[in-house]
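Undergrad: Residues per chain are reported as follows:
Protein chains: 2
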Amino acid sequence: MSSEQKTVGVLGGLGPEATLDFFAKVLQKTPAKADQEHLHLLINNNPKVPNRNEAVAGLGPSPGPILAEMAKALKQAGADFLVMVCNAAHAFQAEIEAAVDIPFVSIISETRDATLRQLPGVKTVGVLASSGCLNTGLYQNAFAKKGISTIIPTGRARDEFMELLYRIKAGDKGTELRLSMRALAMQLIQQGAEAIIAGCTEVPLVLFDEDLPCPLINSTDVLVESTIAYAQGRRKIESEP
Amino acid sequence: MSSEQKTVGVLGGLGPEATLDFFAKVLQKTPAKADQEHLHLLINNNPKVPNRNEAVAGLGPSPGPILAEMAKALKQAGADFLVMVCNAAHAFQAEIEAAVDIPFVSIISETRDATLRQLPGVKTVGVLASSGCLNTGLYQNAFAKKGISTIIPTGRARDEFMELLYRIKAGDKGTELRLSMRALAMQLIQQGAEAIIAGCTEVPLVLFDEDLPCPLINSTDVLVESTIAYAQGRRKIESEP
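Protein chains in written order, with the working numbering: chain D, 7 to 247; chain E, 7 to 247.
Chain D with its partners taken away, still in its complex shape (with noise of 0.2 Å):
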């Protein structure tokens, strides 16, 4: 029972909403009629970390160092690997991979990997998420390795999601915020996008798969399905982002 299982590391704070949905959905994946058979999860929420997407901006000091800290702590409490509940702070991957010899799985790579397997042939993909993830081109560069192409937001439109994604931050997830969502991914689906990759782990705290006209690829779930793959053995982690 417990001596197969992995222990997970979890990254998380950033924000807090985001990591209590990762959790909830954690448990409500896990098949279990007793304590018992739930996963040792060993969460570090800590919402100090400094802003990412200001980071990448240039405009604040990098999270890197303490997401780092982060890892080692988790390493040492006894994590068999990591996963981090937010996307941009994928920015500062390699700083905390270099913290650790433990195997760090990437919601990036994850949530490629799950649009493929679930849309085999798609050519296309608009993809939501915060400044910091799209000025580093996470989801980009993934995709472009699988020939798969990807329609982000630009100009007014991006601006519009970095103030949506500090409204649900504050606490906001009313009607007019989930349609002012839906709205940014209608966009790029009338530009061409024929899957929607929710790219930030706010972004399912307020837009469903029932809101869109075609599939919704929702990062949180990606990394909540594959979190429990691979801590059940039921799936081996690999290192290729």
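Since the hints were made in silico from the structure, they are not lab data.
If a hint is listed, it holds; no wrong ones were tucked in.
Put simply, identical chains are the same to the list, so a pair is met inside one copy or across any two.
Simulated pairs of lysine-lysine, DSS-like, Cα-Cα distance not exceeding 27 Å:
id	residue 1	residue 2
1	K54	K81
2	K54	K39
3	K54	K179
4	K54	K242
5	K81	K242
6	K242	K31
7	K179	K39
8	K35	K81
9	K39	K242
10	K152	K129
11	K12	K39
12	K12	K81
13	K12	K78
14	K54	K78
15	K31	K179
16	K78	K242
17	K35	K12
18	K35	K179
19	K31	K54
Got chain D sorted already, so can you dock chain E onto it with the hints?
TA: Showing chain E alone in chain D's frame:
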């Protein structure tokens, strides 16, 4: 900001659903307009801890050593003080405290003290708690120190509580289960309880204030409120149990 706040170490996973409930309530009750205003929580969600109630009954291994290891890991990862989201496991509090030199905030004494603040002059409270918690007298002794009597489920009612508890842990939060939990509370009220203590972190998942004709003191809510107050430095941690 961050420097003034304490980092909270959470002994959790006992069960995971109660830990999720605690995490959700900490986020709800922390006024925050941005990620960085939330608390730094280190959550050791370890559902592999041996069953507390079986251990107290002499039917299984003690969870004490593993709880002590979890506490050490949380301290090493940077926790300034510890809380544990499980009432019955407080039977092993001494082992936890012996393992680390950071304060441990007891859900039992916090709940007792919150009851005294909310209901000055209360003479008799009813305690809904698991067999391990009741058999070790955690609440009975804590209230007796302040001259307050406790009424607890006995005989068939105590067995029924345990059946409900394991059904909640297996995911059942349905109406029939809620009515059964309410009936157990009503028995204590009919025997003279002026208030009900939800002295098990699974109880607040199915029993709510509006269900009862008298006050319900929810141990999870109390621990959430105390955790935030101690982390923000608005209240000082005292060592007296």
